[in-house]
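Visitor: The lines below spell out each chain.
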Amino acid sequence: MGGVEDEEPALKRMKLSSKGLVGLSNGSSSKEPVGGLSSDFMARPLPSKGDEQVVGSKGVIKKEEFVRIIAKALYSLGYGKSGAHLEEESGIPLHSPGVNLFMQQILDGNWDDSVATLHKISLADESMVKSASFLILEQKFFELLNGEKVMEALKTLRTEIAPLCINSSRIRELSSCIVSLSPRLDIVRVRSRSKLIEELQKLLPPTVMIPEKRLEHLVEQALILQREACPFHNSLDKEMSLYSDHHCGKDQIPSSTLQILEAHDDEVWFVQFSHNGKYLASASNDRTAIIWEVGINGGLTVKHRLTGHQKPVSSVSWSPNDKELLTCGVEETIRRWDVSTGKCIQIYEKAGASLVSSTWFPCGKYILCGFSDKSICMWELDGKEVESWKGQKTLKISDLEITENGEKIVSICKANVVLLFNRETKDERFIEEHQTITSFSLSKDSKFLLVNLLNQEIHLWNIEGDPKLVGKYKGHKRSRYIIRSCFGGLKQTFIASGSEDSQVYIWHRSSGELIEALPGHSGSVNCVSWNPANPHMLASASDDRTIRIWGLNCLHNEYQNVHSNGVHRYCNGGT
Amino acid sequence: MDLDPRQYENVAINDNDIHSIVLSYLIHNCYKESVESFITSTGAKQPADYLEDMDKRKRIFHFALEGNALKAIELTEQLAKDILENNKDLQFDLLSLHFVELVCSRKCTEALEFAQTKLGPFGKEPKYMEKLEDFMALLAYKEPEKSPMFHLLSLEYRQQVADSLNRAILAHLNLPRYTAMERLIQQATVVRQCLSQEAGKDGPPPFSLKDFLKS
Chain H
1 MGGVEDEEPA LKRMKLSSKG LVGLSNGSSS KEPVGGLSSD FMARPLPSKG
51 DEQVVGSKGV IKKEEFVRII AKALYSLGYG KSGAHLEEES GIPLHSPGVN
101 LFMQQILDGN WDDSVATLHK ISLADESMVK SASFLILEQK FFELLNGEKV
151 MEALKTLRTE IAPLCINSSR IRELSSCIVS LSPRLDIVRV RSRSKLIEEL
201 QKLLPPTVMI PEKRLEHLVE QALILQREAC PFHNSLDKEM SLYSDHHCGK
251 DQIPSSTLQI LEAHDDEVWF VQFSHNGKYL ASASNDRTAI IWEVGINGGL
301 TVKHRLTGHQ KPVSSVSWSP NDKELLTCGV EETIRRWDVS TGKCIQIYEK
351 AGASLVSSTW FPCGKYILCG FSDKSICMWE LDGKEVESWK GQKTLKISDL
401 EITENGEKIV SICKANVVLL FNRETKDERF IEEHQTITSF SLSKDSKFLL
451 VNLLNQEIHL WNIEGDPKLV GKYKGHKRSR YIIRSCFGGL KQTFIASGSE
501 DSQVYIWHRS SGELIEALPG HSGSVNCVSW NPANPHMLAS ASDDRTIRIW
551 GLNCLHNEYQ NVHSNGVHRY CNGGT
Chain W
1 MDLDPRQYEN VAINDNDIHS IVLSYLIHNC YKESVESFIT STGAKQPADY
51 LEDMDKRKRI FHFALEGNAL KAIELTEQLA KDILENNKDL QFDLLSLHFV
101 ELVCSRKCTE ALEFAQTKLG PFGKEPKYME KLEDFMALLA YKEPEKSPMF
151 HLLSLEYRQQ VADSLNRAIL AHLNLPRYTA MERLIQQATV VRQCLSQEAG
201 KDGPPPFSLK DFLKS
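Chains as they are written, first to last, in full-length UniProt numbering: chain H, 1 to 575; chain W, 1 to 215.
Hint data in this document are derived by calculation from the structure and do not stem from the laboratory.
Accuracy of the hints is not assured; some may be wrong.
Footprint (simulated), chain W over chain H, 3 or more residues, beta carbon under 8 Å [as the list claims (entries may be wrong)]:
{"#": "1", "segment": "147 to 155"}
{"#": "2", "segment": "158 to 169"}
Sample of chain H residues at the chain W side, in silico, Cβ under 8 Å [to be verified]:
{"#": "3", "residue": "R172"}
{"#": "4", "residue": "L174"}
{"#": "5", "residue": "S175"}
{"#": "6", "residue": "S176"}
{"#": "7", "residue": "I178"}
{"#": "8", "residue": "I296"}
DSS-like mimics (lysine-lysine), calculated; alpha carbons at most 25 Å apart, straight line [claimed, not checked]:
{"#": "9", "chain 1": "W", "residue 1": "K118", "chain 2": "H", "residue 2": "K149"}
{"#": "10", "chain 1": "H", "residue 1": "K155", "chain 2": "W", "residue 2": "K142"}
{"#": "11", "chain 1": "W", "residue 1": "K45", "chain 2": "W", "residue 2": "K71"}
{"#": "12", "chain 1": "H", "residue 1": "K202", "chain 2": "H", "residue 2": "K213"}
{"#": "13", "chain 1": "H", "residue 1": "K468", "chain 2": "H", "residue 2": "K491"}
{"#": "14", "chain 1": "H", "residue 1": "K155", "chain 2": "W", "residue 2": "K107"}
{"#": "15", "chain 1": "W", "residue 1": "K131", "chain 2": "H", "residue 2": "K155"}
{"#": "16", "chain 1": "W", "residue 1": "K142", "chain 2": "H", "residue 2": "K130"}
{"#": "17", "chain 1": "W", "residue 1": "K88", "chain 2": "H", "residue 2": "K155"}
{"#": "18", "chain 1": "H", "residue 1": "K350", "chain 2": "H", "residue 2": "K365"}
The beta carbon of each residue, even a glycine, is placed where N, CA and C say it ideally should be.
I would like the entire structure built from these sequences, with the hints used as guidance.
Guide: Next up, the structure:
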């Protein structure tokens with residue numbers, strides 16, 4: 001029967017291995033002739049107790065299985081000769097002779113014989129034999145139809161397929177194919193014979209026919225487990241190698257001061273990287289805010305100094321597209337700035353109440369502001385009020401955030417309570433702490449909230465549904481001021497925070513372990529921000545009027561240079 | 001709360017009406033001899049022009065009931081060309097009867113050819129597609145009686161088709177498609193349903209012919 005796909009190499013492979021086996025049988029001490037006894041057709045049994053052959057130091061890998069999956073991998077890589085040699089040299093055939101015969105018969109289109117061989121391969125499961133027979137006979141049926149042998153196809157259907165008594169809806173479909181009712185291309189398209197073998201492989205147990213790409217799958221499993229177990233994982237997947245177990249050391253965490261930015265005349269209270277990691281904004285007691293640009297080699301330079309506020313600037317907020325910036329004066333006004341020109345586009349104020357906090361809506365069309373009278377207001381960009389929520393929704397000193405779906409507003413509504421307010425359903429959930437809350441930070445996926453407490457602890461809450469406490473971080477110092485913390489690193493695996501002892505603290509998020517306490521500043525560190533586009537860059541703002549940019553340890557110079565290139569890729573906002 | 005039988009006394013029924021009802025039933029089902037003796041016995045009026053057509057109708061009905069669809073089709077077309085042309089559903093059902101005959105007599109090649117030439121064209125319309133697939137599936141089984149589609153081989157199915165054919169012919173002859181008796185029972189059932197829906201549990205119970213006949 002013609003119509004075999006271009007599987008010449010496969011045919012040769014199969015024949016070669018069979019030949020190899022014949023040679024083996026003749027040469028080996030085994031007295032069993034090829035193709036005679038049923039034991040040749042059985043799936044190779046596992047070695048009996050006294051005959052255990054294992055490889056590897058832990059004694060869990062069976063040698064026979066190991067060799068077989070290696071042989072299979074060699075074949076799928078295209079190294080047929082090597083595969084055949086391995087089978088011969090090890091004396092461990094990839095497939096039992098029965099299975100080899102079976103596959104050969106399928107490739108040859110020798111349907112009836114292949115079904116007979118299938119029955120001889122002893123499979124415990126009757127239904128599996130039936131399903132496999134069904135697949136084979138279906139192939140026969142379609143190939144007959146394709147060859148315009150309609151009556152023979154009908155005969156196959158009636159006398160061979162239907163009596164199997166399985167899958168009657170499929171039988172129905174096959175009947176309509178005979179009458180060629182409508183161009184049912186999805187049914188009539190005849191798959192290739194090698195595809196059929198693949199389908200049979202999936203159906204039959206792995207001991208009989210080893211699944212495709214088994215070795216590759218095992219190795220990938222190991223790599224992924226290594227990556228997951230890596231505590232300080234802060235590097236890219238392609239850096240993983242098979243030669244040694246992957247683990248990121250602390251050297252993947254920014255711990256060295258790369259740059260000190262001195263441009264403010266007074267305490268720096270707030271820093272934040274833009275979403276694309278190309279800019280950094282800082283807010284200071286000196287009543288200005290500065291937009292810094294992250295250069296190609298990772299160095300920051302002043303892009304614009306934003307003057308205009310009459311009061312110290314307490315916070316900044318980047319628009320979702322990073323083209324605009326909001327700055328908030330302490331109990332004063334909010335200003336909206338254009339990042340490229342540095343000009344102030346709009347000033348927001350309200351009679352009777354001064355503004356204390358602000359944030360952008362995820363759609364970029366509205367802003368949300370907190371007032372000294374504890375209310376929150378939603379404005380269109382041109383200053384038109386859309387909605388306002390009164391009552392104790394926020395405090396004079398409070399952060400303000402919105403979840404990324406624009407649904408929930410987060411703010412501190414009482415000294416020790418964070419309010420999660422659903423704008424649409426008006427549903428209110430609360431995070432109640434035993435201590436006063438000083439600041440909070442929302443994770444990138446809006447599922448977690450990091451809350452800084454008066455008692456020098458940072459708590460991590462899961463805010464999906466009912467809030468649940470999931471982590472605690474300690475070690476830093478906080479007694480008088482507002483200290484801020486943030487999420488950071490690849491996949492936000494780390495928590496960083498400022499501290500009144502002038503150090504930057506970094507913890508491992510899931511274990512809560514303190515990884516680093518970085519000295520350098522000479523004043524309380526008020527705020528930290530981890531570059532969302534570069535897991536190796538961290539910025540800290542301090543009372544000593546400077547901002548420090550932290551990166552990977554300079555000792556690894558070569559590494560540094562390689563990573564500078566890496567950094568520049570990130571800076572340009574590439575994926 | 002059932003209806004009080006005494007209420008029935010208030011309704012007068014004309015004998016002629018009763019005769020009409022019985023006659024309509026007998027004519028519908030082509031009981032020619034019964035019709036003649038009934039008319040003789042009761043002196044009821046003989047409806048015009050019915051005898052000749054009744055004979056033809058009877059033959060057609062019986063051929064269909066036996067499964068001899070081709071003969072039924074032939075005679076129907078003799079009677080009136082456009083009955084089947086205007087009623088594709090019926091035409092399909094009759095052709096499928098023939099197909100079933102071929103399958104039951106194990107004439108697979110013929111059945112396949114017949115299906116491809118006569119039934120296949122119907123498959124262009126989606127509403128026939130599923131029915132067609134049902135019939136085609138019969139080809140897959142050496143013993144169609146044991147297949148999932150065995151109901152297509154049953155007497156009930158042939159009865160259904162024969163009935164439809166009968167009604168179509170009656171309609172063509174400008175005679176009522178349904179007997180007065182059928183309609184009366186259907187009416188009583190539907191009216192009762194409406195009443196019990198509206199009145200809730202206070203209304204009369206649904207109409208049950210069996211119970212009615214017993215009472």
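Visitor: Against each hint, give a clear statement of whether it holds in the structure.
Guide: Tested hints:
1. 147 to 155: Three-residue rule met by the segment 147 to 155 of chain H, so holds; n is 3.
2. 158 to 169: Check passed, 6 qualifying residues.
3. R172: holds (4 Å)
4. L174: holds (7 Å)
5. S175: holds (4 Å)
6. S176: Holds: closest Cβ of chain W sits about 5 Å from S176(H), inside 8 Å.
7. I178: holds (7 Å)
8. I296: Violated, about 63 Å.
9. K118(W) x K149(H): Holds: K118(W) and K149(H) sit about 21 Å apart, inside 25 Å.
10. K155(H) x K142(W): holds (9 Å)
11. K45(W) x K71(W): violated (34 Å)
12. K202(H) x K213(H): Roughly 12 Å between the alpha carbons, so the hint for K202(H) and K213(H) holds.
13. K468(H) x K491(H): Holds, at roughly 21 Å.
14. K155(H) x K107(W): Since the Cα atoms of K155(H) and K107(W) sit roughly 12 Å apart, the hinted pair holds (cutoff 25 Å).
15. K131(W) x K155(H): This hinted pair holds, its Cα atoms lying about 23 Å apart.
16. K142(W) x K130(H): holds (19 Å)
17. K88(W) x K155(H): violated (32 Å)
18. K350(H) x K365(H): holds (19 Å)
Of the hints listed earlier, those the structure fails to meet are numbers 8, 11, 17, in rising order.
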